[in-house]
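Trainee: Sequence:
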Amino acid sequence: LATSRLLINYAEPYRTQILDYLFKPNFGASLHILKVEIGGDAQSTDGTEPSHMHYEDDENYFRGYEWWLMTEAKRRNPNITLIGLPWAFPGWIGRGVNWPYDFPDVTVSYIVSWIIGAKQYHDLDIDYVGIWNERNFDIKYIKVGCLLSFFIFMLFLN
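Residue 28 in full-length UniProt numbering sits at position 28 of the sequence shown; the count goes up by one each step and never skips.
These are calculated hints, taken from the structure and not from any lab test.
By construction, the Cβ of each residue, glycine as well, lies at the ideal position given by its N, Cα and C atoms.
Honestly, I wouldn't trust all of these hints.
[What the hints assert, rightly or not] Pairwise CB distance ranges, derived in the manner of DEER restraints: (1) Ser30 <-> Val106: 27 to 33 Å; (2) Tyr55 <-> Ile18: 32 to 38 Å; (3) Asn26 <-> Leu155: 35 to 41 Å; (4) Gly96 <-> Glu12: 23 to 29 Å; (5) Tyr128 <-> Gln43: 20 to 26 Å; (6) Asp57 <-> Ser30: 18 to 24 Å; (7) Tyr55 <-> Gln17: 36 to 42 Å; (8) Asn136 <-> Ile8: 29 to 35 Å; (9) Asp20 <-> His54: 31 to 37 Å; (10) Asp57 <-> Tyr21: 37 to 43 Å; (11) Phe27 <-> His54: 15 to 21 Å; (12) Ile83 <-> Gln43: 43 to 49 Å.
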């Protein structure tokens, strides 16, 4: 829903009506899954999403429109499945080489911080996270991600 970037600026009552048609159960499209872009500060689509961390020590979980869209979807359908998927990563993730798999621990921490931020600041539970949109996967990144995510979940989110 990259063009959903425009939706937040629609006038009422049209914005509410569109959101209802998209997400209310047994009404309109009744979407039961919402996949959003985990912003990466890169031109990814016509609805590019800014990163929650422009730099390693810069966290802001109110940038962009995806938080708003997920909150609106959950408001209408508390059982909707939320999925996050990075299209790009900020330059600091790859330590200047622009390849996030060279430092899987950094990349995993970046994604996990987005998941934790969703819960802490927006009360959103992220059900699934994709690896990297339209890119090859890296098994070390997946293993580090699974392990770190498990421990984070057990410590903070459970």
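Trainee: Going back to the hint list, which numbers does this structure go against?
Mentor: Numbers 1, 4, 6, 11, 12 - these are the hints that the structure violates, sorted from lowest upward.
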